[in-house]
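Participant: Since the structure of chain A is already known, use the hints to place chain B on it.
Protein chains: 2
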Amino acid sequence: MDVIKCFICHQQCKNSILFLYTAPQGRAHGSSFAHRSELRQAKRIVVKLGSAVVTRGDECGLALGRLASIVEQVAMLQNQGREMMIVTSGAVAFGKQRLRHEILLSQSVRQALHSGHNQLKDMSLPVLEARACAAAGQSGLMALYEAMFTQYSTCTAQVLVTNLDFHDDEKRQNLNSTLQELLRMNIVPIINTNDAVVPPPEPNSDLQGVNVISIKDNDSLAARLAVEMKADLLIALSDVEGLYDSPPGTDDAKFIDIFYPGDQQSITYGTKSRVGIGGMEAKVKAALWALQGGTSVVIANGTHPKVTGHVITDIVEGKKVGTFFSEIKPAGPTVEQQTEMARNTGRTLASLHPDQRSEIICHLAELLTERKEEILAASKMDMDQAANAGHLPPAMLKRLSLSPAKLNSLAIGLRQIAVAAQDSVGRVLQRTRLAHNLELEQITVPIGVLLVIFEARPDCLPQVSALAIASGNALLLKGGKEAANTNRVLHQLTQEALSMHGVKEAVQLVSTREEVEDLCRLDKMIDLIIPRGSSQLVRDIQRAAKGIPVLGHSEGICHVYVDTEASVDKVIKIVRDSKCDYPAACNAMETLLIHRDILRTPLFDQIIDMLRTEKVKIHAGPRFASYLTFSPSEAKSLRTEYGDLECCMEVVDSMEEAVEHIHKYGSSHTDVIVTENEDTAEQFLQQLDSACVFWNASSRFADGYRFGLGAEVGISTARIHARGPVGLEGLLTTKWVLRGDGHIAADFSEQGTMKYLHENLPVTQTLAGQRDSN
Amino acid sequence: MDVIKCFICHQQCKNSILFLYTAPQGRAHGSSFAHRSELRQAKRIVVKLGSAVVTRGDECGLALGRLASIVEQVAMLQNQGREMMIVTSGAVAFGKQRLRHEILLSQSVRQALHSGHNQLKDMSLPVLEARACAAAGQSGLMALYEAMFTQYSTCTAQVLVTNLDFHDDEKRQNLNSTLQELLRMNIVPIINTNDAVVPPPEPNSDLQGVNVISIKDNDSLAARLAVEMKADLLIALSDVEGLYDSPPGTDDAKFIDIFYPGDQQSITYGTKSRVGIGGMEAKVKAALWALQGGTSVVIANGTHPKVTGHVITDIVEGKKVGTFFSEIKPAGPTVEQQTEMARNTGRTLASLHPDQRSEIICHLAELLTERKEEILAASKMDMDQAANAGHLPPAMLKRLSLSPAKLNSLAIGLRQIAVAAQDSVGRVLQRTRLAHNLELEQITVPIGVLLVIFEARPDCLPQVSALAIASGNALLLKGGKEAANTNRVLHQLTQEALSMHGVKEAVQLVSTREEVEDLCRLDKMIDLIIPRGSSQLVRDIQRAAKGIPVLGHSEGICHVYVDTEASVDKVIKIVRDSKCDYPAACNAMETLLIHRDILRTPLFDQIIDMLRTEKVKIHAGPRFASYLTFSPSEAKSLRTEYGDLECCMEVVDSMEEAVEHIHKYGSSHTDVIVTENEDTAEQFLQQLDSACVFWNASSRFADGYRFGLGAEVGISTARIHARGPVGLEGLLTTKWVLRGDGHIAADFSEQGTMKYLHENLPVTQTLAGQRDSN
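So the sequences go chain by chain: A and B.
The first sequence begins at 1 in UniProt numbering and counts up one residue at a time.
The second sequence begins at 1 in UniProt numbering and counts up one residue at a time.
Among these hints, one or two may not hold up.
You can't tell identical chains apart in this list, so a pair holds if it fits in one copy or across any two.
[Said to hold, decoys possible] Here are the simulated lysine-lysine pairs, DSS-like style, with alpha carbons at most 27 angstroms apart: (1) Lys43 to Lys664; (2) Lys254 to Lys664; (3) Lys320 to Lys664; (4) Lys755 to Lys636; (5) Lys320 to Lys481; (6) Lys636 to Lys254; (7) Lys481 to Lys617; (8) Lys504 to Lys664; (9) Lys546 to Lys329.
Don't read these hints as lab results, they were simulated from the structure.
Just so it is clear, the structure is predicted and the values come from calculations on it, not from any experiment.
Okay, chain A solo, but in the shape it has when bound:
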């Protein structure tokens, strides 16, 4: 889209968009959209606002904030070139509020208020008639809409309809052409039932054919109108999240993300909504009617304070909000079903004998080499597509590629994991005799269901799968689009290996179409999320993952501190390796701290020369800059992760000050001291509070493989569970098993007959799992 400046403020403000009347590419009307992502193409949209959305919940006044944000969204979509229509409630509420004012005044309540309010309780209160309220409120409601839409340079028009307007062909034609004309003129029609004159609904007259639906409430009005006007999308907002398969709040109620008409029998309807007429059943009927007429429908909550501000635009952007009604059921399982399958099969995987899990991994290792042609063909496809698209940088392309050598070393790594798998799940960590015949064991168990999100590195898939299988965890994998073909083949091989012990479904590959944000919402079903990718990916996931722990790190601001007593050779080697071996890695050095006494020594010159030779751009910290006559550009922040051939240099007065600096500006990832003084080194190692602390070694050693953990699922800078490079151990948790003989706690109370022994027992090398499954 072209962007030109705003007429008024001469900047690129939101209004600029008004001048870019480029309508989204519509589609031939007649069939509804098959997938949420297609909703972006919706050109003509009806937004239905239930009374719970428009009013403050007690029908005694409008919810202005909500209304305003809805107007903002509708105006924005209209200004994108879509044709927006609003079916609104709220006239009665507005009228009540207005008439109430009149009554207050006419009863001279103001005086009463100031003279003492107790007598108010005794005053007789008039009951307001709803139709009178509607009549009195409609004009005010429209004035409010108009005032609000004016703020977005959008014109509105009022259209009041009754049931009869749809039953009489001529009237329907008139209504249709009026609305068409309004839409053509870029005006938002605001439609309501003509409540002041509306006839009582005809019983049982609806749902007997495409052209027969009574307008009993605004749900059916909106549906009728959407079909009549051939709208692409009907968004029905009320105070419920959407559809559940049983009344929400009951034990088994599950939210329905996408509803297919064929599934209708599986729904149990609850009671009516609190405010307004039209319960959930009426909403669903209206939605199905609209769907049959070719209009897609989303039923969503328009009252949730956190989402109201973007519920409509989110829906149009294809996000998982509310329940989407679709006629076309996709072939594969939904991600919820995949998670369910993974969890169930995962439990079987966890109960296998360790040897069996080991066998699966070995078999997968074999398949990687045996079926390498298949894998490499898929990889070539991905590489070709990436090359054609031409958007991947060379480093990314390198990570995307697979070679026979890579597959071989992958297989070797997998076999190491297979060995480690023998001693993972069911390992007894401690045994305690609490009392005679009452023995406690703490044993290792899998965490449950893992979600691993990785970017363009297909070799990640078998590695992570092997770690999950070895630790008995179910696994959901979401890979990047770039490696889709390779990932599919590798996942097939993984499932093939899993099949040998009947646990094929324990590892699931999630469609690349699924949004990470939506996956993070499965908080009742996923136990741990492990993002493997850019720090942006990690941060996004940490933000989105409400309630699910995330294992990983978003930043790696690693330091190398050069002490006065450092060996020149080691400094040069370690600084070079830490920065230059792989500058984009999270364990690369970002800040070089040097002791003040090193300034203006040959060592200092050698460091600078080396960095120049390696083409490392230096940014000066404030103290470093102050010591130099001509300093490099000052670092914008001492907390920068350059991720490139750049680093910050800063001066400190002592080892203690280096520790302080790192505590203040570091990310607790990996930090290094270079010194020949063992005391200084040991103090640094002890005082510094980072996941990895190194003495005379490059920061680049912070890595699961280099640490001898076989493989890693990531590096954690979190302070609980796992810290630093995370291998198999990080994917395990524990459970406490107590075996008694009818023991009860009351016997151990002060008045009781028994005493705790708390005797430590030797931990035998037999796995708990082996005893159980043999």
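Facilitator: This is chain B only, laid out in the frame that chain A set:
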């Protein structure tokens, strides 16, 4: 406050409050409030809306949603009986939007739009003059305010002022009495500068005395007006969070929660705000001027989408929003300073020799018995206060009380922890030789800063403190109001013990006045939150603790499954103990699952008889109910934590079905099987995925002390870090220490000269910490 029904809806709707004109107790004007919590008493409040709040950020239209929610909050506070005044911006923005419309029409842009829009780029655009915009916008802006406030039955009045109106005494008197009269009539005055006629600001005329402040912008206008009208509180909303000690975004910028005028020199101001005139410095000057005049001031962000809906009411409720300006600096440190002190001293605590930490705990144990009179006297004070207030249930009173016996057993427990402390921090978990002279160690280290929130149980304080000291963690403690006196004494003793090794400040007691929600916001400073109290407390904290891990469990839905092959005796004993020993405990049984074959057997009758005798109310699960002719009332949900002498009973067909039921409805806390069949038992123990799984033992054994962990900080149902009862181990994390001799990663690459050895080394019993600190 009395609640009577609404005039219109005849329910207790939000409007009812209008009729209860009971003003909050005001205070003698003259001095500002000393603490945020006092803001609740503010009777007369000026709300200043900066242009960034009122406009959409580009000054090309109003932010209606924000405006509406501000109106809602102001109306609510007004209806509570407060006197609200609004100082608003936005007339220019409204006018621009309006004039823009005119220009569009007059230039016949609509036609141009439909004929093709490229020529628009070449059209000459008129520049709008701000004063003309203000004139054109003011009327529309007021109409909008009026329409919005009408929704809340609140009347508004427009007041336009200029600098001169304050400088001329007569004019000032007139303005004053006009506003007084409006407030008396319960009308919200909406004040703006008369931009159409406003004279240019006089240079350097402000801040030279109480009566001299120029109205250069709405900040100074609001301050001037607040003081003139003797307002209690001025809320200044703009697009910044409040005050930072350096420009926000720089490395060291710290948010200032409470600003004391004496601290002014410590502030560095950044650039002006993006929208509107009046940068941060002007805001602070205006705020200080108002403060000097006796009006409290809060500067806060009115544009943050997540908080806009309640920013004003939150401030008036005393929540930590924005920067609060106060003249009176409280004696003690702020909670941020306490956390800072705890973290810094905690690092020293962690670097002590294990024996020293052990000594501190032993000393604390001694103090508990030596100084018992002091403790018991404080405890008596708390008990008396609770008895006088009469609001604590007997069980709560019992938990609140301390006795010499309780103190003795506390001291014994502490000495056990002191022993465990010898082998906690700095323990080597694994050692690996990566290469010649390159050795890796994984050692235990403290987590960092813990925040423990506990309710009315003062014995919790020394226990948790001892566990934190033993594990080298800094600790923030927040106890309940009921035990405030006891907690204070116990904390003093803890600090006395800590003083012996110079780490007094490692354990901090947070004022009971601090809101839990506010503490949870210290996410950069606190590493782990441990709530000890009701499941409601835990849930609240889990919700509030964004970004900080929470260790604990919100629910304990424990099951006992009675198998066909169960011993009658053990069933009766275990079910009775599990349910009746302490029904309110989280490890008490909530659901009793019985095998179908037990129905109508003598065992079944005995179970029912026992439960009747113990007065346990039974709720029937759906299957159980279906088997009985006359069943007890059906359970509303199979996921209920009764926490009382009540339980649910349900029937299952097999052990496998019991496991399935528990997986579906349980909370993974503690679940029990009663059977004599070892195979069945072992399968249950293996298949069931709960933190604690017991065979023939009461669920009540799930407890840190009973498990032999010494003491517990809580029971975790989380799946990572710690699971089940959590003792010392759960307060530790690890760090990786690598000692090399100039090793670099590049040497180990494919082209390199070195190979990884990955040789496991024996773990010596020497603590890493001992080597370092000796």
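Participant: Does each hint fit the structure? Answer for all of them.
Facilitator: These are the hints, each one checked on the structure:
1. Lys43 to Lys664: Neither. Shortest intra-copy (52 angstroms) and inter-copy (43 angstroms) distances fail the 27 angstroms Cα cut-off.
2. Lys254 to Lys664: For Lys254 and Lys664, the Cα distance is within 27 angstroms only across copies (13 angstroms; inside one copy 46 angstroms).
3. Lys320 to Lys664: between (40 angstroms within a copy, 25 angstroms between copies)
4. Lys755 to Lys636: Classified as neither; 64 angstroms inside a copy, 40 angstroms across copies.
5. Lys320 to Lys481: Close inside one copy (20 angstroms), not across copies (44 angstroms); limit 27 angstroms.
6. Lys636 to Lys254: Between copies, since 17 angstroms is at most 27 angstroms while 50 angstroms is not.
7. Lys481 to Lys617: Classified as neither; 34 angstroms inside a copy, 57 angstroms across copies.
8. Lys504 to Lys664: Only across copies: Lys504 and Lys664 sit 23 angstroms apart there, 48 angstroms inside one copy, limit 27 angstroms.
9. Lys546 to Lys329: neither (29 angstroms within a copy, 38 angstroms between copies)
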